[in-house]
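Visitor: Sequence:
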Amino acid sequence: MNWILASSLLLMPITAIVSHYFALWMSNQSVGQQIRDVGPQSHASKAGTPTMGGVIVLLGWVGSIVLLAIKQGWPSYGWFVLASGLAFGGMGLADDLISLYRKQSTGLTEIQKILLGSLLSCGLYFLFKEQILVPQRIPFSDVLITLPWIAGLLLTWILLVASTNSANLTDGLDGLATGVSILVLGGLLVIFPTGENMLLILPLLGTLSGFLWLNTYPARLFLGDVGSFALGGIIGALALANGAALLLPILAGIFVLEAASVIVQVGALKLTGKRIFKMSPLHHHFEASASHGRPHWLPSLEWPESKVTARFVVLQIGFVLLAFWATRFSS
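Per my numbering: the sequence shown ends with 331, consecutive numbering throughout.
Keep in mind that the hints were calculated from the coordinates and are not lab data. Glycine residues also receive a C-beta, built at the ideal position from the N, C-alpha and C atoms. Check each hint, because a few of them may be wrong.
Label pairs and their computed distance ranges (CB to CB) [what the hints assert, rightly or not]:
id: 1; residue 1: 109; residue 2: 144; range: 37 to 45 angstroms
id: 2; residue 1: 27; residue 2: 79; range: 23 to 31 angstroms
id: 3; residue 1: 217; residue 2: 104; range: 20 to 28 angstroms
id: 4; residue 1: 119; residue 2: 328; range: 50 to 58 angstroms
Sequences and hints are given; from them, build the entire structure.
Guide: The structure is reproduced here in structure tokens:
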């Protein structure tokens, strides 16, 4: 336990320092984020900001787990969580590299991301079925359900595709996806304080906290898709392995709201020809930005970016507390 805590604390300054020099190197190479033309006008200044900082987070997390496991022993579902983070992180890295190569804001298309994510989810299920098919607890009750293999496959597919894509959608404001992920992971650790979770989660909290030093507004380094997809894969895998798959939509409430806003926006536009939000995902609706002349149902609040991030983080704290309450019903 002391080794885990010490390494997690040490990872904070190490990640911050490495991220600093990584951002400098990326800037010297003139490699940076491309910004969508349809996004908020205030984001135009972010063009060229170094990206793919998730590589630093992922490598620091993996390296620390391997070193700690030598002394502490390998966690029973460690390979599943590690494989999920690396697999989806690899998909995100491909997306980032394609985007940088083409000098466009998008790499893989949404359909390609869903298809690749579906293949990875199914592959992970068949490789780690024993770690996934554990009893899942129904929130606000003491009921545990054990799923047959086909239902387990369906749950794994839905959860991992949803968690990775929603984490990716949340990564649209400086520090937002990083801050929300820290709270979700911290919530998982508080609710399920096992030695295995400490080994898997605490080092990740250390690397994310160090990275957040450069990722807060105005960000000097972005997570990139490699980081957001990896975080979604890790969080989804941890939820499955801890029997918290049904709890995750509550615990990761901001992720759910961000993804739902995109679905609702597209559906409303096709059905009525009018948008619900000024812009989606949800965080863009609250930003001080023009609507590009597009009619929308809900009034926009025109908050500064830093205020949107801060208030979404506060809301995420509420979701963590709600999830904690949802697990207090065991007999």
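Visitor: Does each hint hold? Answer for all of them.
Guide: A quick look at each hint next to the structure:
1. Roughly 39 angstroms separates the CB atoms of residue 109 and residue 144, a value that falls within the hinted 37 to 45 angstroms.
2. Checked against the hint of 23 to 31 angstroms, the pair residue 27 and residue 79 fails, with Cβ atoms roughly 36 angstroms apart.
3. Distance hint check: the CB atoms of residue 217 and residue 104 are about 25 angstroms apart, consistent with the given range 20 to 28 angstroms.
4. Residue 119 and residue 328 have their C-beta atoms about 38 angstroms apart, which leaves the hinted 50 to 58 angstroms range violated.
Of the numbered hints given earlier, the model fails hints 2, 4; all others are met.
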